[in-house]
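The number in my numbering is simply the position in the sequence shown, starting from 1, with 122 added.
Everything labelled a hint here was simulated from the structure, so no lab data went into it. A couple of the hints might just be wrong.
Claimed, not checked - Calculated lysine-lysine pairs in the PhoX-like style (CA-CA distance at most 20 Å, straight line):
hint, residue 1, residue 2
1, Lys362, Lys443
2, Lys236, Lys350
3, Lys188, Lys301
4, Lys301, Lys199
5, Lys436, Lys350
6, Lys199, Lys350
7, Lys156, Lys181
8, Lys199, Lys188
9, Lys181, Lys199
10, Lys591, Lys555
11, Lys301, Lys379
12, Lys301, Lys181
Every value quoted in this text rests on a predicted model; they were computed, and no experiment measured them.
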Amino acid sequence: MLAVLVGATRKGWRSGIFLFLLLGLSVVGSAQTKVYFPFYSPDTVQLHTLALTQKAGVKTSMPLPKSSSVTYRNHFKRIVDESAAYAYNRVRYSALLDEELNPFIQNIYQRIVKNNPGLPASQLILSKSPIENAFALSNGTIVFNVGLLARLENESQVAFVISHELAHVYFQHMQTGIKQTLDALYDKEHQKEVRQIVRQVYNTHSKLENLALKFSMNNNFHRRGHEKQADSLAFTMLLKTDFDPAQAYTALQLMDKMDAPANQRPLELNSWFSCQSFQLPPSEKQKPKSIFAVIPEVKDYEMSDTLKTHPDCKKRMGYIKELALRTSITTEFATHISQELSALQLNCNREIVQSWFDMQRYDYALYQALLQLNASPNDDYLQAMVMLCLHQFKDHFERHQFADVVSNVSDEQPNNLKELLQFLHLLNLSDFKGLSSCYQQKAPIKSQGNEYALLAQYAWAILQNDVSKATEAQAAYYTQYKNGRFKKYFIPKL
């Protein structure tokens, strides 16, 4: 492009600049339309090495206590071993080492650490988990889930969450919590009370429940104290950075609502899956009741592990307000939306869809994909993932494992999720051909460009019972994506 400008005559300088701008704009345009695909690396050595380091670090950070009973020590060792195994598996199978999301959050982490030199050694790992949570391991590693990154509004909120977890590391809250729990459990008076209850003939179960409740309440009291201490140090850490400490308050506001779904818009199932040749089953259709009394499963939101489960968000907000007043911060605690984070959250949402899919939670993967398709109906990745989910539903239906991948309907679920689950439960095996045919008309599979599109062609062929096309797509996948994401566990032999 430089040669074009240098070689242009005075008479042609305008045309030269026009060509330069045209070419430049085309480059910018292509960069802007670059599609983000969820992180995948065939190099398992890097993740295995990182995971082994975490496993060893957890064991080193929790040495076996010397002055305690054999039973106490064995229990402690079991906790350490389980924690180390958890750290290995969490890092090995969910560390997100992409080139966009990970650098973004690592930059925030580094700015905090740089301005707070008194902190112990630590590390931040971005996780693929769709659950809105972050937590600290005993070895100083902060695990930050992409599900949480997708819900926060600005970098200062992200910084507060990281600082809060770094504070847990600083105070060794995990180690302290384990010691307090085991000390209470193996306390002589507690053990004596348990033995006395066990010897009794009447109301044994009730008395043990009351004892367990008392134990649990004491444990939660210590946890609340840890959270307040971590909030205090986190706020102080933010004051030493260029982040806005007032966003600690707005972050807690978000956490207080974190268990509610981020998006409650209708899924418009008819617009995707109905056409002239196939109509969705009527929603009022009722399947025969089972002769077995099946208790509906507890909804995921009730079992959630979001930051909402950190206790007393409203009390913590009040404490943050007190800290702000002490430091002369007179803000109204208004949040602001970061454009950079908002743009990256499109990538976060793709990672969330992929995580649910990889965990074989195909109902939640489909739910998230359809929600995002409402806003981006021409998104190649999302279109492909819907087809892959339909294929998995059919495959599990044929193997009599459909109930393993489709959740029960619960009254506490958001209406749009409930709508989807009710729709899935009404399907018969014969419906998948017509269902996928209508979807293919609304969202035609792209024939080139990425492995998701090629896998969607395979899934479409299976859904249409077209073995010839499925075989062709499978062969093409093995040829083009020898080390692809889906090679080992997605495509079965025909």
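Handout entry: Unmet hints by their number, sorted upward, for this structure
Key = Violated hints: 2, 6, 7 and 11; rest satisfied.
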